[in-house]
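Chain by chain, the residues:
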Amino acid sequence: MGVTTFKGGVHPYDGKDLAKDQAIVELKPQGVMVYPVSQHIGAPAKPVVEKGDHVLVGQKIAEAGGFVSSPVICSVSGTVKAIEKRLTAGGAVVDAIVVDNDQNYEAIEGFGQARDYTKLSRDEIVNIVKEAGIVGLGGAGFPTSVKLMPKNIDKIDYFLVNAAECEPYLTSDYRDMMETPEKIIGGLKVILSIFPNAKGVICVEDNKPDAIKLLSEKAQGESNIEVAALQTKYPQGGERQLIYAVTGRKINSSMLPADAGCVVDNADTVVAIYEAVCESKPLVRKIVTVTGDAVAKPGNFKVPLGMNYQEIIDQAGGFKADPEKIICGGPMMGIPLFKLDIPVAKNSSSILALLHDPVSSEPTTACINCGRCVEACPENLVPTMLMKAGLSKDTSKFAELYGMECIECGCCSYVCPAKRPLTQAFKQMKRLVNAEKRAAAAKAKAEAEAKAKEETKSTEEVKK
Amino acid sequence: MNKMLNLSSNPHIRDEVTTSEIMRDVVIAMIPTTLYGIIQWGFNAALVVILTVAFAVLSEYAYEKFMKMTITIGDWSAAVTGLILALNCPPDIPVWIPCVGAVFAIIVIKMLYGGLGKNWMNPALGARCFLLISFAGKMTGWTVVGPDAMSGATPLAFMKAGGDMAKVDLMNLFLGRIPGTIGEVSKLCLLIGAAYLIIKKVISPKIPCIYIATVAVFTLLFGGHGFDINYVLCEILGGGLIFGAFFMATDYVTSPITPKGQIVYAIILGVMTGLFRLFGGSAEGVSYAIILTNIIVPVINLKTIPKAFGREDEK
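Residue numbers (the working numbering), protein chains in the order written: chain A, 1 to 464; chain B, 1 to 315.
Careful, some of the hints might be misleading.
Heads up, simulated PhoX-like pairs for lysine-lysine below, C-alpha to C-alpha not over 25 Å straight-line [claimed, not checked]: (1) Lys339/A to Lys3/B; (2) Lys260/B to Lys397/A; (3) Lys189/A to Lys213/A; (4) Lys419/A to Lys430/A; (5) Lys303/B to Lys388/A; (6) Lys200/B to Lys7/A.
Residues from chain A shown here face chain B by an in silico Cβ test under 10 Å; the list is partial [said to hold, decoys possible]: (7) Val359; (8) Cys367; (9) Val415.
Simulated from the structure, these hints should not be mistaken for laboratory data. What you are looking at is a predicted structure, and each value in this text was computed from that prediction instead of being measured. Glycine is no exception: its CB is placed at the ideal position from the N, C-alpha and C atoms.
Chain B extracted, bound-state conformation (with noise of 0.2 Å):
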């Protein structure tokens, strides 16, 4: 034996699993929706998809060089924002505006706080939060999905707006025939990333079927629409629900980390979302709910912490 021997502190095994092989799975995850936003609405929205993503890793690229960082783009989480962000734009809008987001979602909602792991709220949703306040008319501007589905609003905007639900076909709000962002609309696709993220164990169904629960609930009681299942099935499938809540709300760095916390968190989001889909002057509720319960997660995952094991009866 001529080596010298490696030291260093137990377990000396490790799970296969890594940070990026995480990421990337989020990634593959999100392909079936993006591929149908790409083929429902074509070029501009496949247009929006890469270079969205290209402007997410590069302004973290950028940053970490010129701040003379290790460069961090290999563990995909960069893409994972710039994907998200362009998948919840509208097909038409000009591409420039999500590159704009995208470089706003990295540098000041990540990078600026400390990069992976440190930001309190979602790059992604932060960022379209901000694109909907500066460009509220290009951010809003649907595109008409086909002769016989619907058109001219999204599901939510047509019901909130007092329109007829026989109009509603429950199978084009499943399978995406109606307009949206680019990955919001096919739940059949998001449904099918999501399990695989399930599968893989990338997330647990706890926060999201909480959060979706929630929502039901809150529009049965408090819909106006008295006991009707088609209603609260067209608000959980009309808008970015599924998206939302098996994508955005499972985001590991902006959700609760504690057992107990995960779940007042979910509620909390259900609540919001309801609150500003039904009371709130714009039919979409998700992308703030999830970003203004950012704000509170560290408050919810102190006050959620754990007993240990045989300390449970302790005050």
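The following block holds chain A by itself, in its conformation from the complex (with noise of 0.2 Å):
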């Protein structure tokens, strides 16, 4: 085993107690629901229905367009109302599938019939998760199927079930881990099935010691299950932090967890695959917490996926006062919302509110090189150094300062006593350095094309 933690990270206000203790409450949407096509990372989904068409819950209205990819399945049923532009928490504005509710929840056949895993094959486990449109819930939204799938699936000897839930504020994986824990065993014995030579273990951090003393209840006479206390810490969910602190392992940016005989996955999605696996529940809903000091009533909500942020914070008990700022996410790492009118996507996360933004207050001072932002870094990287040569959009030596390491969590910026953005400063020239790249290799190809065109012609000529 690891080291249960990781060096650098950051201790901030962790706001769990809001919502916590709030058990999950399931919300029945009254308004049309909103399907994005692109709510995973990969190509777009094709929709397979038409304006019109009516829909059942359950059903696949969208299917996957490439390998990595997700199909979209309806939350609801309903009359497709239209295929239009909206607006999704990320702020792109992509293709979606607009559906009238009817509010009967007319379900395809055999939803929620029983299933035995053990009479599955691999492959079919694989495809159910496939179809059931699956993907990380816990932000990312990598198709899960494909994880799934690793080459050498022989040497994956640890799957981990990320329930740190390290950003404050929070508690939508904590809830499912003290209301379903027997989905969370569950879904992990389905997955170590596939994986014949993998350990389970579910990661908590140590601020759940009722979370930790309940799971590891449950997974008492599983010998491949084991549950592991992490120390609090901010990103201690990180996918590369979480890999080292259990296993002693570590993976960089060029690598995948797989590199490292590591598959990981967030509890939720855990919770997702048991239920498309074993209760032929395909994936429709998500876990929402709605939270932040600017919340009437914080709380957990299981919603349809689909639904309106602002149908939600409304049959949640909506604001107790305007918030400054809006949040689809932690405060560490979320999206900050400029409207509410958008859909419940299986990549978008948490509703947080808070009545003051201190980031618009405080203003940026000189950096004093005091390297609190070094020690923070669990990446071990030297931010002031990457700051400089963003600054001066050096992306060569951003890259030579292993800038492309940076997992974007946000501590650097935590911690700076100067309020500089360094955080926002890196994701731009990750961006910019990746598109460099992208136009090189774009040069490149139409050059090596270019000179084949020319030897082509030129044999010719010689054959004449």
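With the hints as a guide, bring the two chains together.
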């Protein structure tokens, strides 16, 4: 086993007391449902329904657009109203299938039927996960079926359930663990049936002792499942930090967890796998924490995918005062929202509404070289130096200083006494470096093609 | 909801610590030794402290006003510079000398290089060395302390001149009943301040401890007194080492930012201090050691950039 934590990191105010003891409440949407075709990493899904079609709960309304892609499943029954551009939490305007909810929740045949996973082959399980539209529910949205098919399946010796939930304020994974621990264990058992040599480890930060205790009890008697208590420190749930904490192995930006013999999935994703494989329920819901000091009644909610954010907040009890900032996700890595007319998607996250936005009210001052960012960086980078490269848009210097290893966790900006926007600068620089790489690759390809053309021409001339 | 929502890149929360709080903590940490100096030496020392700090702050204000820049005296950094310079002056110095030094520190060493964070040399120490060169006699005129304490020379000068070690009382050295600059003598007060900074996580004990340990080893090896712990302790407590190690070598702006670089820097400081003290013309060496090592800090940083997580094994 590893060292239960990593070097660096920060301890922000965790704000979890606001919502952690609120049991998950299921919400029923009244308004129209919106299903973006791109709510995962990879190619957008292709709609397989048309305007006017009647759709059911659990019906596939868009199919995977490639190997790394994921289908979209309808979460209500009703009529397809339109396929049009809609705004998503990330700020992109993408094609979306808009469904008029008829409130009947009529489901497809076999929806919710119990199924025995031990009678399924590995390929069947992976296919169920793929067709259920399951992607990483921690926020990244990487198609889970792809993760379950690494090249060297026998070399995978760890499957890690990421239940660290290191982002402040968020409590949805915690509620999952407290309310449906058997689904986490169950999902893990399904997954372990695919990986013959793997040990399943449920990774929980030690600020959730009751969840650790409960899961340990439920996992008793399972020889290949254990619960790891990790030190409470942000970003403990970062993939590289989590793998290192549990196994002592290190991966960098050009490696996959599978290169270190690991597959990592978020706790709610494992629950979704259980529901898809053992209960024949494709991914149609998400657990959303609605919290923050601007929220009247913070809580955790099970919402159908496609439900409008504004409606969730209204049903949750609304705001007690106008928030200055609304964040999709946690305060360290979340995306700020400028309007609430957006749908819940697989890769969108909790709603955090803050009365006061400290970032906008504090002026940025000169860097005093104090080194707090160096101490906080979980990737062992020197943010002050990267910032200098960033300010002069020096992409080669940025890459040389390992800037591409940045995981954008926000620790450097968090600790900076001069309130400098370090993380923001690195996000921009990483995109710039990638854009340059793509441009260079495109140029090289064009040149190679031109050269090949030239050569065929000259050989043709020789033939003549 | 009628208000427009704020948008900004993550993270959306910030640690509470600010630059001005850090600088204010440094000033607070120097209060015990400042009070000790003023009580021990009286009115002139108090005047030096007040005027030097005032001149440092005012010259930053005047420069920024004149150059139409944002006024930054609220960040306390000019006050820190002024106070360190004042505490580095002899108690009976004519007050105009440190005032000139304060203006030099702020205008020439700090502001002309771009202000806070851009200067490559510790402003207070740079100014002290400027004053030492310009007003050598006045900067090294020591005031006698009490009838039973040592008189005439600082403990380091006394030992360098081959004085009788038996006459050096370690307790006097520790408490500050010795000649020296206003703020360097009371090691007890300095260590109280240093402990405050360490507890508040303003500084790490890494650089000071390695620095002091290196000086100890160096003097043990080359001091010519054999294995004499008493002598080594006199070297550590006798001059400006404790003050320099905890309050000046740890200056963020002019010390390396990389973890390895900080070790290298502290060792170089120790060796330089030892060289200046044992083989140089003066008995003191801390100020020169620090400002000269400041010059190579950028090189130390560049040569000690840590490898990223997961890339340790690469070339």
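Hint by hint, here is what the structure shows:
1. Lys339/A to Lys3/B: holds, 11 Å
2. Lys260/B to Lys397/A: holds, 20 Å
3. Lys189/A to Lys213/A: The hint holds at about 19 Å.
4. Lys419/A to Lys430/A: holds, 21 Å
5. Lys303/B to Lys388/A: Status holds; Cα separation ~17 Å.
6. Lys200/B to Lys7/A: This hinted pair holds, its Cα atoms lying about 21 Å apart.
7. Val359: holds, 5 Å
8. Cys367: It holds, given that the least Cβ distance between cysteine 367/A and chain B is near 5 Å, below 10 Å.
9. Val415: Result: holds, 5 Å to nearest chain B Cβ.
In this structure, none of the earlier numbered hints is contradicted; all agree with it.
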